[in-house]
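Asks: If you want the building blocks of each chain, they are given just below.
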Amino acid sequence: MATITYRDALNQALREEMERDPNVFLMGEEVGVYQGAYKVSRGLLEAFGEHRVVDTPIAELSFAGIGVGAAMVGMRPVIEFMTWNFALLAIDQVVNSAAKMLYMSGGQIPVPIVFRGPGGAALQLAAQHSQAFESWFAHIPGLRVVAPATPYDAKGLLKSAIRDDNPVVFLEGEMLYNLKGEVPEEEYTIPLGEADVKREGNDVTIVCHSKTVAVAHKAADRLSSQLGVEAEIVDLRTIRPLDVETIVASVRKTNRCVIVEEGWPFCGVGAQVVDEIQRAAFDDLDAPVLRVTQADVPMPYSKKLERLTKPNPDQVVDAVKQVSYLDGN
Amino acid sequence: MEALSPTMEEGKIAAWLKREGDTVEAGDTLAEVETDKAVMDLQARGHGVLRKIIVGEGATTEVGNLVAVIAGPDEDISHILSEAADATGAAAGAEPAALTATAPAPTAAGESAAGRIKASPLARRLAREKGLDLAVVAGSGPGGRVVKRDIEAALPAGVPAAPAAVELAPGGYEDIEPSQLRKTIAKRLVQSLGPVPHFFLTTEIDMERAAEARDALNALGDTKVSFNDIVVKVVAQALITHRECNAWWQDSHVRYFNDVHISMAVAIDDGLITPVIRNANRKSLREIAVESRALAERARNRKLLPEEYTGGTFSISNLGMLGIDEFTAVINPPEAGILAVGAMTPKPVVHEGSVTVRRRMRVTMSCDHRVIDGAMGARFLQTVKRMLENPLAIVW
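So the sequence lines, in the order shown, correspond to chains A and B. Position 221 (the first sequence) corresponds to 221 in my numbering; numbering is contiguous. Position 234 (the second sequence) corresponds to 563 in my numbering; numbering is contiguous.
These are computed hints drawn from the structure, not numbers from a lab. Please read all numbers here as calculations on a predicted model, not as lab measurements. Treat each hint with caution, since some may be false.
Among chain A residues calculated to face chain B with C-beta under 7 Å, some are [to be verified]:
| hint | residue |
| --- | --- |
| 1 | N255 |
| 2 | E276 |
| 3 | F282 |
| 4 | L290 |
| 5 | E306 |
| 6 | Y325 |
| 7 | D327 |
For glycine and all other residues, C-beta sits at the position ideal for the given N, C-alpha and C.
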């Protein structure tokens with residue numbers, strides 16, 4: 001098995017799907033000649049030509065709209081946003097066109113499109129460029145929302161997203177592009193809507209996705225070595241549809257749960273997870289479910305302040321102690 | 330609701346002695362409150378007019394909750410009343426300045442109505458499955474919440490789940506809510522037999538000479554001495570010789586006492602209570618007789634003050650008057666021992682080489698093995714036996 005980066009795993013997925021299906025094409029700012037702002041599309045222009053790897057003007061709403069139109073007539077566009085912060089300009093096409101078309105056409109017009117790009121905070125990109133929008137899109141019926149944490153998941157999920165007949169919002173992590181991981185040589189896909197247990201444990205469930213999977217792993221290592229608490233890490237991978245079954249099975253086993261996410265707390269992904277847990281596993285809970293999230297403020301530019309607002313392993317450890325009644329209340 | 334005893338968690342208003350509109354002075358008795366141990370007076374902590382009674386007679390509320398409002402005759406109390414109404418249930422932890430009784434600390438977020446047991450959903454399910462009454466489980470979570478580990482601790486290891494309850498025909502039984510006292514007894518005794526490693530030592534004592542001594546003393550006049558008084562006196566004296574049995578298990582240490590405070594189990598309506606004869610080792614038999622009678626009387630009238638039923642170092646429980654020959658008693662933690670005294674019965678025994686009828690009494694000591702080992706307890710019991718069989722030892 002080869003060890004490759006998250007960005008190269010995405011690149012492989014794009015390449016394989018473009019080879020597999022001539023209807024797949026990539027469009028966005030700097031995806032062609034510049035080979036992508038984060039080099040995800042490296043080599044694709046050369047391989048597939050400018051009809052299938054299309055550089056656009058800096059006009060998110062228009063190229064998103066062109067993508068939706070192309071999908072409506074049978075193409076499978078992959079629309080790259082340089083970051084999801086810029087996609088706010090195109091959200092009308094995502095929410096009002098892509099997500100609604102199948103419904104409003106009485107099932108006649110599917111929109112098999114993938115909107116992808118990095119989401120969440122990187123380093124010192126400040127208030128307007130450090131936002132995790134999972135919950136925004138997961139709120140919309142008609143959209144699928146995917147946020148992989150590892151190269152393996154990124155590749156398998158992007159391939160499934162491209163083949164899916166529904167519009168998919170695919171949130172990558174700018175800080176994840178250099179993350180290395182094992183990816184099989186042979187072809188594989190990962191179905192949308194399946195969470196993955198990244199670490200098994202009996203004492204507490206930590207639900208996370210995307211960058212917070214790494215936060216959860218750090219916390220779990222510390223919990224194990226310092227307190228003998230074995231955490232089970234459930235990586236959602238797909239936010240919508242949510243894999244309630246896997247989450248609930250884990251909570252039934254551990255009786256307690258902490259949810260970690262990069263988004264803000266109010267109406268966040270974790271809020272939805274809590275809702276599912278309290279209905280499906282009420283009698284299995286030994287403590288209220290706690291959440292660790294981005295601080296409820298716009299991202300500060302200051303490096304030190306930025307660090308303070310991001311979910312970190314210390315907070316996860318504290319939350320686990322609390323739900324395990326190990327905090328000496 | 331004021332905490333009127335060290336272990337009080339909630340109180341029931343037995344009766345209001347003042348009415349709305351009455352003028353009250355600090356120190357006036359406002360109401361009688363049934364606590365976990367006794368009926369106590371709730372006193373006014375300020376003066377003014379009793380403007381509003383929040384918790385009515387017969388109602389129960391947690392310590393810290395608002396029970397009534399004392400204020401100036403025309404003072405605006407609407408905000409206090411609306412806060413009280415906003416809180417869950419009849420009353421909750423508001424703490425305005427003019428209250429009759431304010432709590433040392435309000436309970437967590439006022440989330441529980443009076444009398445409700447806080448338990449995690451899982452703890453509730455486990456208790457249901459195991460046939461365990463949550464009321465008798467001490468909660469270790471925030472605000473006393475009963476959580477999974479408390480249920481696990483309350484269940485003896487390896488005990489299978491209780492068989493599913495048999496459906497009884499309606500009318501074949503009666504469900505009665507336990508009194509505050511009954512709940513406390515339940516809680517405390519589960520804390521004992523579960524976590525405390527008990528073992529038991531039984532011996533039979535010849536009481537012939539003790540009986541003669543008692544008759545002789547009672548012939549002297551006013552104060553009547555009971556066999557139990559003699560047992561209390563002898564045990565107190567023996568514990569001075571065997572200080573290793575006059576102790577409290579304190580987890581981090583064992584506390585050995587220099588004086589003996591005997592907890593004396595007294596049966597009262599719907600329960601029992603253990604008034605304490607303090608410094609019993611320094612008191613004469615006559616003093617013990619007078620004091621034990623007074624304490625038992627106050628216990629039966631539920632007038633004991635908290636300091637009168639706490640702080641014992643060793644317990645004595647006597648069911649002899651009910652015709653019980655012998656029994657084992659549950660230790661009253663943190664004390665390390667309790668002596669269960671059976672009935673004095675005439676029996677044929679070999680005495681000085683021939684079979685004669687003698688009055689005999691069987692006693693069983695329950696020991697906390699963390700404090701007392703078998704031989705230690707046996708030596709103590711041997712001293713008790715020797716002294717009772719030769720009661721002159723009391724004055725030795």
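Asks: It remains to establish, for every hint, whether it holds in the given structure.
Replies: Tested hints:
1. Interface restraint check for N255(A): the shortest CB-CB distance to chain B comes to about 5 Å, inside 7 Å, so the restraint holds.
2. For E276(A), the interface hint is violated, since its Cβ never comes within 7 Å of a Cβ in chain B; the closest pair sits about 15 Å apart.
3. Hint status for F282(A) relative to chain B: holds, with the closest Cβ pair at about 5 Å, below 7 Å.
4. For L290(A), the interface hint is violated, since its Cβ never comes within 7 Å of a Cβ in chain B; the closest pair sits about 13 Å apart.
5. A distance limit of 7 Å between C-beta atoms decides the matter here; for E306(A) the minimum to chain B is near 32 Å, and the interface restraint is violated.
6. Interface hint status for Y325(A): upheld, as the beta-carbon distance to the closest one in chain B is roughly 6 Å, under 7 Å.
7. Below 7 Å, beta-carbon pairs count as interface contacts, and D327(A) has none with chain B, the closest being about 9 Å; its hint is therefore violated.
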